[in-house]
Amino acid sequence: MTKQDPEKKKRRKDLLDIDSISVEEIDFLVKTAQPFKELFTRSVKKVPTLRGKSVLNLFYEPSTRTRTSFEIAAKRLSADVTNFSVSQSSVVKGESILDTIDTLQSMKVDYMIVRHSESGVPNFIAQNTHASVINAGDGYHAHPTQAILDTYTLKEVFPDLTRKKILIVGDILHSRVARSVSTCCRKLGIEIGVLGPGTLIPDSRPDYMECFKDYATAFAWNPDVIYLLRLQRERQQAYFFPSMREYHNLFGITSNRFETVKSEGIYIMHPGPVNRGVELIDEVMTYERCLINQQVENGIATRMAILYWLQPGENKIRKPNTEIRGKS
Amino acid sequence: MSEPSLSKTHILDEKDINHKLRRIASEILEQHPKTPLAFVGIHTRGVIVADRIYNVLIEDRKEMVKGSLDISLYRDDLDNLGSIPSIKNSDLPFEIEGATVILFDDVLFTGRTIRAAINVLTDYGRPAKIELAVLIDRGNRELPIAPNYTGHTIQTSKKEHICSHFHEIDDEEGVYKLINSERAS
Amino acid sequence: MTETQKLFKNGQIASEKSPTLRQADVLVNEKGSISAVESYIETKPEMDVIDCSRKILVPGLFDMHVHLREPGREDKETIETGTEAAINGGVTGLLAMPNTTPPIDSGGMVRFVLTLAKERARIPVMTSGCITHNRQGKELAEIADMKEKGVVMITDDGSPVANSYLFRRALEYARNFDLIVASHCETMELSADGAMHEGKVSYQLGIPGIPACSEEISIERDLSLAHYTKARIHIQHVSTARGMEIIRRFKEEGVHVTAEVTPHHLLFSEEDIGDYNTAFKMNPPLRTKVDNQQLLEGLKEGIFDIIATDHAPHTTFEKNLDFSSAPFGITGLETALLSLYTYLVKPGKTNWNLFVKTYSAEPRRILGLPSVEIKPTHPAEFIVFDPDVTTIINKAFMRSKSVNTPFLGKELMGRVEKVIYKNEILLDRLQK
Numbered sequence: 001m002t003k004q005d006p007e008k009k010k011r012r013k014d015l016l017d018i019d020s021i022s023v024e025e026i027d028f029l030v031k032t033a034q035p036f037k038e039l040f041t042r043s044v045k046k047v048p049t050l051r052g053k054s055v056l057n058l059f060y061e062p063s064t065r066t067r068t069s070f071e072i073a074a075k076r077l078s079a080d081v082t083n084f085s086v087s088q089s090s091v092v093k094g095e096s097i098l099d100t101i102d103t104l105q106s107m108k109v110d111y112m113i114v115r116h117s118e119s120g121v122p123n124f125i126a127q128n129t130h131a132s133v134i135n136a137g138d139g140y141h142a143h144p145t146q147a148i149l150d151t152y153t154l155k156e157v158f159p160d161l162t163r164k165k166i167l168i169v170g171d172i173l174h175s176r177v178a179r180s181v182s183t184c185c186r187k188l189g190i191e192i193g194v195l196g197p198g199t200l201i202p203d204s205r206p207d208y209m210e211c212f213k214d215y216a217t218a219f220a221w222n223p224d225v226i227y228l229l230r231l232q233r234e235r236q237q238a239y240f241f242p243s244m245r246e247y248h249n250l251f252g253i254t255s256n257r258f259e260t261v262k263s264e265g266i267y268i269m270h271p272g273p274v275n276r277g278v279e280l281i282d283e284v285m286t287y288e289r290c291l292i293n294q295q296v297e298n299g300i301a302t303r304m305a306i307l308y309w310l311q312p313g314e315n316k317i318r319k320p321n322t323e324i325r326g327k328s
Numbered sequence: 001m002s003e004p005s006l007s008k009t010h011i012l013d014e015k016d017i018n019h020k021l022r023r024i025a026s027e028i029l030e031q032h033p034k035t036p037l038a039f040v041g042i043h044t045r046g047v048i049v050a051d052r053i054y055n056v057l058i059e060d061r062k063e064m065v066k067g068s069l070d071i072s073l074y075r076d077d078l079d080n081l082g083s084i085p086s087i088k089n090s091d092l093p094f095e096i097e098g099a100t101v102i103l104f105d106d107v108l109f110t111g112r113t114i115r116a117a118i119n120v121l122t123d124y125g126r127p128a129k130i131e132l133a134v135l136i137d138r139g140n141r142e143l144p145i146a147p148n149y150t151g152h153t154i155q156t157s158k159k160e161h162i163c164s165h166f167h168e169i170d171d172e173e174g175v176y177k178l179i180n181s182e183r184a185s
Numbered sequence: 001m002t003e004t005q006k007l008f009k010n011g012q013i014a015s016e017k018s019p020t021l022r023q024a025d026v027l028v029n030e031k032g033s034i035s036a037v038e039s040y041i042e043t044k045p046e047m048d049v050i051d052c053s054r055k056i057l058v059p060g061l062f063d064m065h066v067h068l069r070e071p072g073r074e075d076k077e078t079i080e081t082g083t084e085a086a087i088n089g090g091v092t093g094l095l096a097m098p099n100t101t102p103p104i105d106s107g108g109m110v111r112f113v114l115t116l117a118k119e120r121a122r123i124p125v126m127t128s129g130c131i132t133h134n135r136q137g138k139e140l141a142e143i144a145d146m147k148e149k150g151v152v153m154i155t156d157d158g159s160p161v162a163n164s165y166l167f168r169r170a171l172e173y174a175r176n177f178d179l180i181v182a183s184h185c186e187t188m189e190l191s192a193d194g195a196m197h198e199g200k201v202s203y204q205l206g207i208p209g210i211p212a213c214s215e216e217i218s219i220e221r222d223l224s225l226a227h228y229t230k231a232r233i234h235i236q237h238v239s240t241a242r243g244m245e246i247i248r249r250f251k252e253e254g255v256h257v258t259a260e261v262t263p264h265h266l267l268f269s270e271e272d273i274g275d276y277n278t279a280f281k282m283n284p285p286l287r288t289k290v291d292n293q294q295l296l297e298g299l300k301e302g303i304f305d306i307i308a309t310d311h312a313p314h315t316t317f318e319k320n321l322d323f324s325s326a327p328f329g330i331t332g333l334e335t336a337l338l339s340l341y342t343y344l345v346k347p348g349k350t351n352w353n354l355f356v357k358t359y360s361a362e363p364r365r366i367l368g369l370p371s372v373e374i375k376p377t378h379p380a381e382f383i384v385f386d387p388d389v390t391t392i393i394n395k396a397f398m399r400s401k402s403v404n405t406p407f408l409g410k411e412l413m414g415r416v417e418k419v420i421y422k423n424e425i426l427l428d429r430l431q432k
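Protein chains in written order, with our numbering: chain A, 1 to 328; chain B, 1 to 185; chain C, 1 to 432.
Calculated directly from the structure, the hints in this document are not laboratory data. Where is the CB? At the ideal position from N, CA and C, for every residue including glycine. Some hints could be false.
[What the hints assert, rightly or not] Below are the DSS-like pairs computed for lysine-lysine, each with C-alpha atoms no more than 27 Å apart in a straight line:
| id | chain 1 | residue 1 | chain 2 | residue 2 |
| --- | --- | --- | --- | --- |
| 1 | A | Lys8 | B | Lys88 |
| 2 | B | Lys88 | A | Lys187 |
| 3 | B | Lys177 | B | Lys159 |
| 4 | C | Lys230 | A | Lys108 |
| 5 | C | Lys230 | C | Lys251 |
[Said to hold, decoys possible] Examples of chain C residues lying across from chain A (beta carbon under 10 Å, computed):
| id | residue |
| --- | --- |
| 6 | Gln204 |
| 7 | Leu296 |
| 8 | Glu297 |
| 9 | Glu318 |
| 10 | Leu321 |
| 11 | Asp322 |
| 12 | Phe323 |
| 13 | Ser324 |
With the hints as extra help, turn the sequences into a complete structure.
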């Protein structure tokens, strides 16, 4: 009794990026997500964990999928969920984020789930509110819940992730998913390769990323997983690549490459939504080692685990071992 | 991290524990000579209590199933926890609807755990009946909950800490009373 | 109080001519001129004696790159608050940038600003004018008219003159009027929507980057044009070591170029941005630690003629926007002396003479102003600096309307105790 329960995890106020959390915390969240997924098989899928708590989806950038995933996660924990969608175009420069936060603060929100097109906004909000802030994607910076749900998905396939190889394909430069997923994989000892047009693989990338010029060399590296990033069509206008067609020919999973993927037994992941015919051909979606739907399902369980773990309000984080707690 | 200074008083040893559990087993048999029973232990040590009693009874009656419950998600004190436990799977491999369930736990204190466990069970279905068996009843209830089967009753104050250890998961076996005589600095 | 002689007793005099301080007594006459600087001056009854033991007398500083924001953004700064901030930091003369609203791009605007400055400022304010009409980079402003009304420099600071043809013509046209053309060097197409230096840190933070070459290409272009047109040019706020090397090369070729570096580009790097701290967002952006070191070497070697702060006040509201949306710029007038003393002079990385040369003497030489070296016959224009106490940079200390400085809440070494300007004492912290 006097020894610390190794299964227990100290709680945090916010989840802003992967850099600031430890391997143990990632493991804890992945482990905790699993029983939440189990809940979905019950007749009552709801648990009273966050009863009376309010969760606010603060989305400055539209994303039905991520918002819905968080909404379901929060509702299954019995929290009250409010969606506060601020369309970016309607935000007059005169109203700062701080004004919005002050307003929301007085509404006594316990958890804020923030998505914004500019990097660092969730960090800024977190510094200015007692509510727990979960970053649901900010600019090019981070998408930590995606990285954790991807880790969970990977863990379901590979119980031991050390020295597994993941090839991330596409727009590394503008991708918060790539940043968070690669940081997370790096922490867990997974090797990371990147493949994409020279314009979208930045020279300022971390040194641990192995960079490939084409699929031939990338396949020779023997990746266990290919993680395809969503391609934003507007990048074409900014000269990053000449056409969607050429992108698909060079970096998409074409039928030829799909043959290699199947014969090598490589798993396919994608954060969604998929541009069919660009990142991959249709047939990939029904491939038995395509984990895309599993990622979506695991998203809810992972986000439940994160909501369960975080603790709103500052000064509430207790030092471990300063008190003993009787079982009630 | 300095250890809090604790004074430790012995309550039950291994022999006592086995004796008490056997008595609970015979009471259960007396109450339910024929009814099919569902044994449900509350994580972590309630599961062991349930297992041991199940193993005693399985020699005399066959119509029993067992499962386990994790009540972490049903706690009402989550706000106050600086650290949280990882959640174990609740494993109820039988139909709750219409079952006669006996809940098992090691120590009964405020009753809040039992309240939570009842809530979990009813989220799975509508049992015909729920009973409660505990190794130790230490009083200080905060909810109107009473056990149907009790191994040992002791008077305690709220500040004291009662803990049980079992060979299955601990280095030793026994039930102790810990008094936190001096707070760690 | 103004009609007496003042004797500054036992101070240590800083000068661009000597790396060491010289202990001396300084006598200032009734008219505000220095009448004697001697190792010992006998006290007479008619003198006000000011004890300066253990204090340093520093010639009044001059800042060639200041945004006073008036007219247009008086919520950020006014000529009055900006010059009071200058005095608070020991700066006794400054050159204002013309990117006000409306911009200073005509003789009328120049006259307006200079008249306002005469009424409201206790120190001389000089102003620059725009190179192009309305700072739009499309047609030349009426440069001769602005010169006649008192402009000493032209610049579109805040933006480059993107059109090389137009910039060539500006250099050629300005030659006749003995005006300095100053350039904010940036290639807008490369900077695009960047908000910080492009590199590992910008990648990690997910903030669009401004590559170093955005500035370097523009420095190369502007100096090539200055070389070709034999014009006088001044390169503003250089942030990269490679940009500095380009300037060195053209200087060696004999191009008439002067260049400035800011305290923040000497002291801070991209890594200081940390958790999206907008107090470290400026343009040009903070570069790398290597750049910091090399820029300091360049300052010592004379590639940089002057230090200027690029004092750029912004409201707290604006600086509280997210990192990409917050405006570029930080204030500098009140912290330049203290921060450079704390981080460079006190640790021995530079001496007082370099500081005095680049932040007091050289700017005045460039603009053709009289010297304020502490010596007989010169006007009394100096600071009494106390190196033994510290200054806490907070709202109560600052006179600027804006508090967007990375030093906010920090403690810096030294204190500007008094500011002497001719026969006036503009600031005396011991009198409160």
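> Which hint numbers doesn't this structure obey?
Replying inline: Hints 4, 7, 8 are the ones this structure does not satisfy, whereas the remaining hints hold.
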